[in-house]
Amino acid sequence: MSVELRQQGYLVRGLWALLILAAAAAAYEGRWSLTFVALATLALALAPLFLARRLDITLPLPFVTAVTIFVIASIFMGEAFDFYERFWWWDIALHGSSAIGFGLLGFVFVLMMFEGDRFAAPPWAMCLMAFGLAVTVGACWEIFEFAMDQWFGLNMQKSGLQDTMGDLIVDVIGAALASWLGYVYLRAKDPSFWTWPIDRFVALNKKLFRKHR
1 MSVELRQQGY
11 LVRGLWALLI
21 LAAAAAAYEG
31 RWSLTFVALA
41 TLALALAPLF
51 LARRLDITLP
61 LPFVTAVTIF
71 VIASIFMGEA
81 FDFYERFWWW
91 DIALHGSSAI
101 GFGLLGFVFV
111 LMMFEGDRFA
121 APPWAMCLMA
131 FGLAVTVGAC
141 WEIFEFAMDQ
151 WFGLNMQKSG
161 LQDTMGDLIV
171 DVIGAALASW
181 LGYVYLRAKD
191 PSFWTWPIDR
201 FVALNKKLFR
211 KHR
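Per our numbering, residue 1 is the first one in the sequence shown, and the count goes up by one each step.
Any given hint might turn out to be false.
What follows is a set of in silico ranges between Cβ atoms, one per label pair, in the way DEER data are often shown [unchecked claim]:
no. : residue 1 : residue 2 : range
1   : Gly153    : Met112    : 34 to 42 Å
2   : Ser192    : Ser159    : 35 to 43 Å
3   : Trp196    : Asp149    : 21 to 29 Å
4   : Trp194    : Trp151    : 38 to 46 Å
Worth flagging that the hints you see were computed from the coordinates, not collected in a lab. What you are looking at is a predicted structure, and each value in this text was computed from that prediction instead of being measured. Ideal placement from N, C-alpha and C gives every residue a C-beta, glycine not left out.
Work out the full structure: start from the sequences and follow the hints.
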């Protein structure tokens with residue numbers, strides 16, 4: 001299995017089961033839009049596992065848990081139950097956390113390109129690449145929100161320009177924080193609390209980081 005779910009994945013499996021139950025209950029009541037949202041959320045939550053298996057990558061359990069919670073919070077709770085309107089900070093929290101996550105993923109990807117050799121390029125260059133990837137993903141998401149609003153009459157952008165710029169600012173802050181964590185990892189000689197997501201991924205995928213030292 002491409003993820004640490006054998007003994008400790010009860011929370012993740014429970015969340016998946018709740019989405020299936022929600023989809024079944026909504027279908028039984030004829031609430032087809034909610035059924036679609038629940039199934040789409042489940043599909044997006046499972047997507048990293050299928051991608052990891054195809055790429056022969058082992059995903060740490062905390063990563064899978066974070067992805068599942070994020071997808072549920074952003075799509076199922078955010079759109080289906082209107083949490084974006086109920087809580088003003090909901091969108092900001094999700095954009096900030098996703099920017100940090102994509103920044104860490106970007107850093108791991110850059111490190112993977114150098115097979116784990118942290119001295120293959122200047123630390124600032126590797127962190128800048130991770131920062132750019134995270135901000136790019138955030139910008140693409142804003143384009144996606146605009147497209148959904150234009151094509152399907154949704155209201156994902158809420159207040160328009162102000163909402164978009166606020167999201168992009170939060171994306172930049174989150175990406176900068178993730179890049180800083182990557183810099184700490186490159187400079188640190190031993191594993192630390194701040195870099196444990198990177199350390200764990202490297203430890204589970206040693207074949208991809210042959211030059212790690």
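- Item | Outcome of range test on Cβ distance (Ser192, Ser159; 35 to 43 Å) | Given range 35 to 43 Å: holds, Cβ gap about 40 Å.
- Query: Has the hinted range 34 to 42 Å been met by the Cβ atoms of Gly153 and Met112?
  - Reply: 41 Å, holds
- Range agreement (Cβ of Trp151 with Cβ of Trp194, hint 38 to 46 Å): 41 Å, holds
- Item | Beta-carbon spacing of Trp196 to Asp149 - inside the hinted bounds 21 to 29 Å or not | 38 Å, violated
Consistency with the previously given hints fails for number 3 only.
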